[in-house]
Amino acid sequence: MSVYTQGVVALMGINILMALSVYAIIMTDQVSLGNAGFMAIGAYTSAYLTVKMGMPIFPALIIGALTSSFIGFLIGIPLLRLEGLYFVMGTFGFGEVARTFFMNFEPTGGAYGFRGPVGATLPMIYGWVLALILFFWLLSHSRLGRSLDALRDDHEVARTIGLNVTVLKLGLFWLGSFVAGIAGGLYAHYMFYIESGNFHILVSAMAILYVILGGMYTFWGSVLGAVIFSILPEALRFMEDWRLSLYGAVLVLMMIFRPSGIISRQIVRNIEDWIGGIFRKASV
Amino acid sequence: MLEISEVTKNFGGLRALNDISFQVDEKQIYGLIGPNGAGKTTLFNLITGFLPATEGSIRFLGNELTRLRAHKIAKLGVARTFQNIRLFGTMTVEENVMVAQNIRARSGITSLVQFFSAKEKRFRDEVNELLNRMGLWEKRKEQSLSLAYGAQRRLEIARALALEPKLLLLDEPAAGMNEAETEDLLERVQEIRDMGKTVLLIEHDMSVVMGICDYVAVLNFGELIAQGTPDEIQASEAVIEAYLGREEG
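Just so you know, the protein sequences line up as chains F and D, in that order.
My numbering puts the first residue of the first sequence at 222, with every later residue one more than the last.
My numbering puts the first residue of the second sequence at 25, with every later residue one more than the last.
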């Protein structure tokens, strides 16, 4: 694989993780525009640990993600009192605070950025991707997953069947900020260099885009959305200067012809039934 | 089992409920009737923790409900349905019932790695039995919102029963149903009582509840104007006046 292809594939994996981090929060019917902020916390924390403290990459990633998810938990308590657009604005505010914090925080390089984290490989990135796909697959087939569906469909009725909506929302917000922290740590250790500009609001917005375009009622939508819209800009390189215009046009066309995303839950169900059928036949 | 004492609810300057007191005993079918806008659904919303009461107390099996949040009240054994049916739209019929078992089942993060257990098997049987009882078993794999109107109402009741409640609140369960469907539904409500549950039933059409209720309270403009057995209510002048207006002369 050429270095160029490797780079595209690695970023695709990180984009899948970012999309899943947004999906975790969307499962509770909230949209977060601040996940690049959690990504930044995971990136800077883990990079500082490996570069300055000589820690191995795996525990550094975990500690980075635990840090970002702890902060996610703390700000989630007040933020989750907000709903709809107010929640979006609140998370947007958090993302900007996190970004400008790292722009000014001297111990991690401030505006010069932070140099030196190494060691993230493609197998490592895709190990995390597979682990999270397994997690979300199990979740979608569990009682906890049903509770989340109930909350998303009608959070008031969810309360009347005894579900603690506040705890569910906070738990998934924690999960989303944890996954974004992992994505950030992997990003830092793949790029060798990070600066606050890497965690711009646009990164959060793109992650939301993957989820919506892929289909926001199943985690497969987030995965597929991230894959397609990470490859598309590269596939469009032959257009040269018109590349990003065409990318934008594809997004608009998608919204017109497939407003609810590429895959629906029904499609996933049909595929699972089909695969299940093959296994049954094979075992007879 | 349910004691409502001196409950008042204001919405800004509007008094929706004024000093309401009554008591529902175990294994009763208790009817709460009154014209539209009398405050019946508001009272349901106070009991289930959707809205805070302005004054007064609501006690259920010794617990004060006015200070509890909605999910805690559900856990104590109070389930409800809604006047405008509210099913979980992305789920199938059986999933709507299954999800209501979650407070009794293992449904936390450990449910991700629980593939089979004897307890889960029992829960599955219970879902099938509930769907059978409500005449929905053949439709268990369909999307909940694709059901016909009457079936959606029955599914909402099945979902409420999956909580194994002690008290079931039904908000106009017969609304929009024809005579045969209403008849069928009332029979099921009696079966639910025979299962040992207490039912508090809202209805604005008096004739519907007279046949099955043990006891009836009548609300009008937020006031409790009468309570008694169905026969007493039918003879009450205040009730006749509320429904038909005062006779001239």
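It should be emphasised that the hints constitute simulated quantities derived from the structure, not laboratory data.
Please note that the accuracy of each hint is not assured.
Unchecked claim - With a cut-off of at most 27 Å between alpha-carbon atoms, the simulated DSS-like pairs for lysine-lysine come out as follows:
(1) D:Lys-145 - F:Lys-502
(2) D:Lys-165 - D:Lys-143
(3) D:Lys-99 - D:Lys-145
(4) F:Lys-502 - D:Lys-165
(5) D:Lys-163 - D:Lys-96
(6) D:Lys-145 - D:Lys-165
Just so it is clear, the structure is predicted and the values come from calculations on it, not from any experiment.
The hints, checked one at a time:
With a C-alpha separation of about 25 Å, the suggested pairing of D:Lys-145 with F:Lys-502 holds against the 27 Å cut-off. This hinted pair checks out: D:Lys-165 and D:Lys-143 have alpha carbons roughly 22 Å apart, not beyond 27 Å. Note on D:Lys-99 and D:Lys-145: the hinted pairing holds, with a Cα-Cα distance of about 22 Å set against a maximum of 27 Å. Distance restraint check for F:Lys-502 and D:Lys-165: the Cα-Cα separation of roughly 23 Å lies within the 27 Å cut-off, and the hinted pair is therefore satisfied.
For the suggested pair D:Lys-163 and D:Lys-96, the alpha carbons sit about 31 Å apart, so the restraint of at most 27 Å is broken. Simply put, D:Lys-145 and D:Lys-165 have alpha-carbon atoms about 18 Å apart, close enough for the 27 Å limit, and the pair holds.
Checked against the numbered hints listed earlier, the structure breaks hint 5 alone; every other hint is satisfied.
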